[in-house]
Amino acid sequence: MIDQKKARLLALAGMIIFVSTIAVLLARQFNFVPERPSPEFRTFGPAGAPVQIYEYTDFACPACRHAAGKLDEMVKVFGQGLRVSFKHYPLLNIHPWSLHAAAYADCAGAQGKFKEYAALLFEGQESWGAARAEGGEPKDFAAYAGKLGLDWGKMQACSNDPETLKILKLDIAEAELKGVNATPTFFVNGKRAVGSGQLIDQAQKFDNLLRKAAKP
Amino acid sequence: MSAKPETKELIGLLSRLAVAGVFAYAGLMKALAPAEEFAYAIESYKVLNAQLSLYAAYVTPWIELWAGLLLAAGVFTRANALFAGAMLLFFEVMLGQAWLRGLPITSCGCFGSGGSNSIGVEFAQNLVFLALAWAAYKFKSRWSADSYAETL
Chain C
1 MIDQKKARLL
11 ALAGMIIFVS
21 TIAVLLARQF
31 NFVPERPSPE
41 FRTFGPAGAP
51 VQIYEYTDFA
61 CPACRHAAGK
71 LDEMVKVFGQ
81 GLRVSFKHYP
91 LLNIHPWSLH
101 AAAYADCAGA
111 QGKFKEYAAL
121 LFEGQESWGA
131 ARAEGGEPKD
141 FAAYAGKLGL
151 DWGKMQACSN
161 DPETLKILKL
171 DIAEAELKGV
181 NATPTFFVNG
191 KRAVGSGQLI
201 DQAQKFDNLL
211 RKAAKP
Chain W
217 MSAKPETKEL
227 IGLLSRLAVA
237 GVFAYAGLMK
247 ALAPAEEFAY
257 AIESYKVLNA
267 QLSLYAAYVT
277 PWIELWAGLL
287 LAAGVFTRAN
297 ALFAGAMLLF
307 FEVMLGQAWL
317 RGLPITSCGC
327 FGSGGSNSIG
337 VEFAQNLVFL
347 ALAWAAYKFK
357 SRWSADSYAE
367 TL
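Residue numbers (this note's numbering), protein chains in the order written: chain C, 1 to 216; chain W, 217 to 368.
Treat the hints with caution; some may be incorrect.
What the hints assert, rightly or not - Think about it this way: if two alpha-carbon atoms lie no more than 30 Å apart in a straight line, the pair counts; the simulated DSBU-like pairs of lysine-lysine are: (1) W:Lys354 - W:Lys224; (2) C:Lys169 - W:Lys262; (3) C:Lys76 - C:Lys5; (4) C:Lys70 - C:Lys205; (5) W:Lys354 - C:Lys6; (6) C:Lys154 - W:Lys224; (7) C:Lys5 - W:Lys354; (8) W:Lys224 - C:Lys5; (9) C:Lys5 - W:Lys356; (10) C:Lys115 - C:Lys147; (11) W:Lys262 - C:Lys6.
Claimed, not checked - Across the chosen pairs, the derived CB separations fall in these ranges: (12) C:Asn181 - W:Gln313: 37 to 43 Å; (13) C:Ala63 - W:Glu308: 47 to 53 Å; (14) C:Asn208 - W:Ser334: 43 to 49 Å; (15) W:Asn333 - C:Arg211: 39 to 45 Å; (16) C:Lys70 - W:Ser334: 40 to 46 Å; (17) W:Leu343 - C:Lys70: 51 to 57 Å; (18) C:Gly135 - W:Leu343: 55 to 61 Å; (19) C:Ile94 - W:Ser334: 41 to 47 Å; (20) W:Gln313 - C:Trp152: 28 to 34 Å.
Since the hints were made in silico from the structure, they are not lab data. The C-beta atom is built at its ideal place from N, Cα and C for all residues, glycine as well.
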């Protein structure tokens, strides 16, 4: 028989374990978790900007393409007030080449042209995004690299590097931890927004901060 | 000359809280981050393969968090201090073997993605916490759930 003292301590231990577990799970769900920084080449805007946006994106997703345009407009309007960091969340079940696209975009970033390569991926997403998994890698990836004067050999080596895949997998794991299940998903100063409509709504909540920072 | 009972109690309490704080903080930081991040750190010790590293990364943060909180509250203090000491000893062995083999450990994985010191510094830090865990085990304190339960 467990004596009364032990029973009390066991009950207290159970309560501590239960409450702490629930608290951590809630903190994950409600995004009290600090964002992992994106690599430099995927981050745009001043580090001290009052509004920080993290976007989980998939290069084959049409809504992400639309959102990219909106984000570019916002950066133009609110310049100093905004910092945008991109994170990859390729929806592999519907877009078989998204992971490759994300890896190539990062490898283009390593050569200083993430933004340009990403723009071409969005522009041509109907071509490479619709390619079937069995048909071999779409030639578009190499064509975009050629268009931007990137070293394709280096990009291929980089995309096969386990370190590149590791960074992509961490982005995906982080998205899943935060309950991201659609693209584009944004976190505007920690507040979730799905799609460019919600992004604008969330950004409007920080309108004062944005305008104040944008003033010359 | 032996220390006064109050001094011993105070040493026990402070040691317990220090070890508990480190465990709870380390566990929390890792439980709030993707398990893959910690798994990559475990993999770099070249003891477990990728799959086992991932399993370890799922489980370890929770164990650290719970052990830290239970130790802070002083629930089954001696058993918990012993357990924390055993974990610290295990971490020490992991760090030691990586140090001896000259493995390029960039992040020890101790506190999630937060920066980490060199292996040598981490090794020395762990030794200090091992000593504190021993003190928490050795010196019983009245400021604990264990002692409170005795008075009820």
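Against the structure, the hints:
1. W:Lys354 - W:Lys224: holds, 9 Å
2. C:Lys169 - W:Lys262: Holds: lysine 169 (chain C) and lysine 262 (chain W) sit about 20 Å apart, inside 30 Å.
3. C:Lys76 - C:Lys5: violated, 66 Å
4. C:Lys70 - C:Lys205: Holds - the C-alpha atoms of lysine 205 (chain C) and lysine 70 (chain C) are around 17 Å apart, at most 30 Å.
5. W:Lys354 - C:Lys6: holds, 20 Å
6. C:Lys154 - W:Lys224: violated, 63 Å
7. C:Lys5 - W:Lys354: holds, 21 Å
8. W:Lys224 - C:Lys5: Within the cut-off at roughly 24 Å; holds.
9. C:Lys5 - W:Lys356: holds, 17 Å
10. C:Lys115 - C:Lys147: Holds, because 14 Å separates the two Cα atoms, which is no more than 30 Å.
11. W:Lys262 - C:Lys6: The hint is violated at about 41 Å.
12. C:Asn181 - W:Gln313: 37 to 43 Å: Once the Cβ atoms are compared, 41 Å apart, the range 37 to 43 Å for glutamine 313 (chain W) and asparagine 181 (chain C) holds.
13. C:Ala63 - W:Glu308: 47 to 53 Å: Because 50 Å falls inside the window, the suggested range holds.
14. C:Asn208 - W:Ser334: 43 to 49 Å: holds, 45 Å
15. W:Asn333 - C:Arg211: 39 to 45 Å: Given a distance of about 43 Å, which is inside 39 to 45 Å, the answer is holds.
16. C:Lys70 - W:Ser334: 40 to 46 Å: holds, 45 Å
17. W:Leu343 - C:Lys70: 51 to 57 Å: holds, 54 Å
18. C:Gly135 - W:Leu343: 55 to 61 Å: With a Cβ separation near 58 Å, glycine 135 (chain C) and leucine 343 (chain W) satisfy 55 to 61 Å, so the hint holds.
19. C:Ile94 - W:Ser334: 41 to 47 Å: holds, 45 Å
20. W:Gln313 - C:Trp152: 28 to 34 Å: violated, 41 Å
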